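If you're matching them up, the sequences are chains S and U in order.
Using the numbering used here, read the first sequence as starting at 1 and increasing by one per residue.
Using the numbering used here, read the second sequence as starting at 1001 and increasing by one per residue.
No lab work stands behind these hints, which were simulated from the structure alone.
Do not rely on the hints blindly, as some may be mistaken.
[Claimed, not checked] If you want the ones that stay clear, here's a sample from chain S, every Cβ over 10 Å from chain U, calculated:
#1 54
#2 75
#3 88
[Stated by the list, open to error] Partial list, computed: chain U residues near chain S (C-beta under 7 Å):
#4 1043
#5 1044
#6 1179
#7 1182
#8 1223
#9 1232
#10 1233
[What the hints assert, rightly or not] Dumping the calculated DSBU-like pairs for lysine-lysine here, alpha-carbon to alpha-carbon at most 35 Å:
#11 S/89 <-> S/183
#12 S/89 <-> S/76
#13 S/89 <-> U/1141
#14 S/206 <-> S/69
#15 S/61 <-> S/89
#16 S/76 <-> U/1276
#17 S/89 <-> U/1228
#18 U/1228 <-> S/51
#19 S/203 <-> S/183
#20 S/51 <-> S/203
#21 S/125 <-> U/1141
All values derive from a computational prediction rather than experimental measurement.
Note that beta-carbon positions come from the ideal geometry of N, C-alpha and C, so glycine has one too.
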Amino acid sequence: MNSTQAAIEISDVSFNYDGREILSEVNLSIWPFDSICIVGPNGGGKTTLMKLIIGLLTPKKGEVRLFGKRPDEARKLIGYVPQYAVYDKQFPISVKEVVCMGRLGNSVTGRYSRNDWNRTMDALKEVGLLEFAERSFSALSGGQRQRVLIARALASGGEILILDEPTANIDQESESHLFDLLKELNQRMTILMVTHDVGFASKFFKRIACVNRQVVIHPTSELTGELIKEMYGGDFRMIRHDHTCSREGHTHA
Amino acid sequence: MLEFWTALIDPNLPFVRYAVITGLLASIPFGIIGTYVVVRRISYIAGAISHCILGGVGAGLYVQNAMGISWFGPLHGAIVVALLAAVILSLVSLFAKQREDSVIGALWAAGMGIGLLFLAKTPGYIDPMSYLFGNILLITKSDIFFVLALDVLVVGIIAVFYNTFLAICFDDEYAGLRGIHTHWFYLVLLCLTALTIVLLVRVVGIVMVIALLTLPAAIAGNFAHSVKQMMVLATLLCGIFILAGLSTSYSLDLPSGPVIIVIAAAFYLCVVVGMKFLSPRSS
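The following block holds chain U by itself, in its conformation from the complex (with noise of 0.2 Å):
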């Protein structure tokens, strides 16, 4: 463990530093935007969206590397397609009631194929598994002015709508009634939400984005009273789950993003587990 830390001081080694100024800024999207994945149950759609994002990543890489528009990277590619998925959900959440969940699953796995093909299709070998599963080793100084960005926005548009979007995960139905156009904001839900997996895909991977964004705000569920408060506390678990995760991924010379689902999912089993013997009312 002590060595991680030696790490994260040398100067030779600025992707340490990148890797943990990025995991720490990106905690607050991901335990903010977690919460309300988690208290509007919307779990699947944010799946989707991260599935879909190896099409833009795909798409991405085949435009610059196949067709030479050198300013056009995966990173471009991955928030374009990441954001039409999000468009694509909330119109089927509003046109689709009953069939939401089979547009849903058509959408995961169409935007997965896509991916693959165009990979296949780009010159040179590029390893899908980066993608797949995540290498927050591999942060750039410019990822960190996107992290950035992204708390911004996440924390300023939250800030202002905080009551609006609460009434909009608690109760829709009434929220409209009250005049407002919980489409609209809906939509907008699902946009940041699409942007923070962009994140979070950058950090554990695609297959692996779910957990780092529900299991915090799950574990946070069961202590706070209220969605601000439950924010607060995913993002601080969150940011303890990456930090722990970094550095026993690289003291025992591990993959980073399974060494930190693997810490979040065992302190949720624990908590779950606890929770139950210790009051029997609050499971």
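Bound conformation, chain S alone (with noise of 0.2 Å):
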């Protein structure tokens, strides 16, 4: 993959919806093997940006490119992790089931080949679950569920790993697990982050994107130690992000 091309590529993007403006004149430049973490407030436009991203939305003004395709071209490029939470429970589906979903859109009828089954195991065995892989889906933790879903988009061999709110309900241990399994993942892959938790972003990830109708980005450096402390008081883990973007919350350097 030629470097000096950008992963993802946002330019002049707004978006509105039902009239009111989400994201105004965004422009964001992802490059590979980057690892960043979107935070924002509520409604402030974070899952706007993503769905751009993975093409679930277009925009209404801008482009979105990703290795300089449009993303609606390059599906096969994006793995995408949603929150597990989102699933039926009762849903009777095997963990190799889920992710060999991943492989969906290769063949024409949507039949696996033996390739696509071996690409599954692969996936379950570097997320750590490759023993899980006949247990049912729904018997499984939220982080191991999480960790499923993310070998789902791995099999899907994409080069950037989209993950949506992957800290939210797990606990402790399973979330310093997901932090291992990123790093190790973000040698190879581009890493983006939709998130409330900074605690985690700032451990983690190399860049920090505000959202809030506007993008601000921030090294994490700006946001870990000094910074956390000064807004917060005190060193202790932030649920909520809300303040921290508000226009008057920091200076934006």
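The task is to assemble the complex, starting from two chains supplied on their own in separate frames and drawing on the hints.
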């Protein structure tokens, strides 16, 4: 892959929903092997920005390019990890069936080849859940289900991993597990994550994008230590991010 | 119970045989489509299609008797209207996300209203009871071919596109991101559901369609670990309920549709209660 080409290039993107402006004149370049975390208040446009990148929404103005391609042409480059909590807990499906879904779209009928199953097993191995392949998806813990969805994204073979709120509703141990996994994957993939959890963000991500109608990028060094202490009066984990991104909250260099 | 089995082999009572053969063959699409209706949670949509069918039945009878077009009958009307309802409902899910339930409700009632108006204007007396509550004993030889054709269609399409339908039911947003035309597949699923419901109407009637479509699958869902298993189990259960219902109704001289439904519902109740006591985890 050409290293001078941006993995994700967002230029002058604006988006309205029911006449309300969600994003205004957003510009953002994400380079290959970057790790970027999208934070911001609820309703600030985080999810909209992510949906524009994966192609679930199309911008009213401006353009989104993934390695120079439109999102709908670049589907195979994206590994998308939705929130695990949206799934029906009673759906009868095994872990490996969920992961193999990442191989869909390679044939007209959707039948899986031996290669598809091999990729599925490799992906499960990578997230450390190979022995759970035959288990029922609903029988797993939240953190495990999250990793199954990451395996599905890996099985699809993309170069950009996009995660939606992966730390929501999972315990500390699963979270540090996730952190290690992402660190490893970042060696070969570009990682973009939407989250409320700045504590997690500052530990791992190289850059943070604050989204509140507009997007402002910070290197994580700005957000760790002194700044967080100063803003929150202590070195504790932050769950909400609302203050950090308000216009008056901190200065934008 | 014994007289049912002697009736089954009595050459003078072919309708009993037709009913049993149709019931067993029909269990296949009922089990397969019922599973999708349950896991995708669209039983309300199935109910709307079912009630719309009265409109098609009424129109079919009117065309046949009042307009004198003899080759067009209630079955044709039912098929056309059921497919039309499937198309409308899939468009509704595409364009009217928030108001989907209102549109479904409107379609549900309007279909019935239109059907009753057609029946009122059709010459001669037509008893809507057999359409509303079904009568599998009215099934003829030609119905068996319709059932066989539906078996081949449903099993064929689902066997080829199993993974795709699984993905659409489990996570259609992700399936769309993998480049699958989810709207088209959803439309195909609703059309297969519509055809299956036309058949169900013959067996248990418009009003009780949802029960025979969803109860076997809902019971199967308590034990199955995959959608495939759930389909097989639902098909078996459906066949058992129809057979048990038919023999009971024949022996006790009761209408077959309600007996089938009552047996299925009683079994469902037992399973739900049983699961609650046996394993507190999987309620």
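Status of the hints after comparison with the structure:
At the 10 Å boundary, the C-beta of residue 54 of chain S falls inside the reach of chain U, the nearest C-beta of that chain being 6 Å off. Remark: the non-interface label on residue 75 of chain S conflicts with the geometry, its nearest Cβ contact in chain U lying 5 Å away (cut-off 10 Å). The claim that residue 88 of chain S is not at the interface with chain U is violated, since a C-beta of that chain comes within 10 Å of its own (minimum 7 Å). For residue 1043 of chain U, the suggested interface contact is broken, since its CB lies about 14 Å from the closest CB of chain S, more than 7 Å.
About 16 Å separates the beta-carbon of residue 1044 of chain U from the nearest beta-carbon of chain S, more than 7 Å, and the hint is not met. Taking 7 Å as the C-beta contact cut-off toward chain S, the hint placing residue 1179 of chain U at the interface holds, the least distance being around 4 Å. Because the beta carbon of residue 1182 of chain U sits about 11 Å from the nearest beta carbon in chain S, more than 7 Å, this interface hint is broken. A least Cβ separation of about 9 Å between residue 1223 of chain U and chain S goes past the 7 Å threshold, and the interface hint is therefore violated.
A least Cβ separation of about 12 Å between residue 1232 of chain U and chain S goes past the 7 Å threshold, and the interface hint is therefore violated. Using the Cβ-Cβ criterion of 7 Å, the hint placing residue 1233 of chain U at the interface with chain S is not satisfied: the shortest such distance is roughly 10 Å. Our distance criterion of 35 Å between C-alpha atoms is met by residue 89 of chain S and residue 183 of chain S, whose separation comes to about 29 Å. For the hint pairing residue 89 of chain S with residue 76 of chain S, the CA-to-CA distance comes to about 28 Å; that is within 35 Å, so the pair holds.
For the suggested pair residue 89 of chain S and residue 1141 of chain U, the alpha carbons sit about 43 Å apart, so the restraint of at most 35 Å is broken. A C-alpha spacing of about 24 Å is found between residue 206 of chain S and residue 69 of chain S, which places the hinted pair at or below 35 Å, so the restraint holds. Restraint check: the Cα-Cα separation between residue 61 of chain S and residue 89 of chain S comes to about 39 Å, which exceeds 35 Å; the hinted pair is violated. A hinted pair counts as satisfied when its Cα atoms are at most 35 Å apart, and residue 76 of chain S with residue 1276 of chain U does not qualify at roughly 44 Å.
Proximity of residue 89 of chain S to residue 1228 of chain U is assessed by CA-CA distance (about 17 Å); at most 35 Å being required, the pair is judged to hold. Only pairs whose Cα atoms come within 35 Å are accepted, and residue 1228 of chain U paired with residue 51 of chain S is accepted, the gap being roughly 32 Å. A hinted pair counts as satisfied when its Cα atoms are at most 35 Å apart, and residue 203 of chain S with residue 183 of chain S qualifies at roughly 10 Å. Between residue 51 of chain S and residue 203 of chain S the alpha-carbon distance is near 25 Å, which keeps this suggested pair within the 35 Å criterion.
Our distance criterion of 35 Å between C-alpha atoms is broken by residue 125 of chain S and residue 1141 of chain U, whose separation comes to about 55 Å.
In summary, the structure is inconsistent with hints 1, 2, 3, 4, 5, 7, 8, 9, 10, 13, 15, 16 and 21 from the numbered list given earlier, while agreeing with the others.
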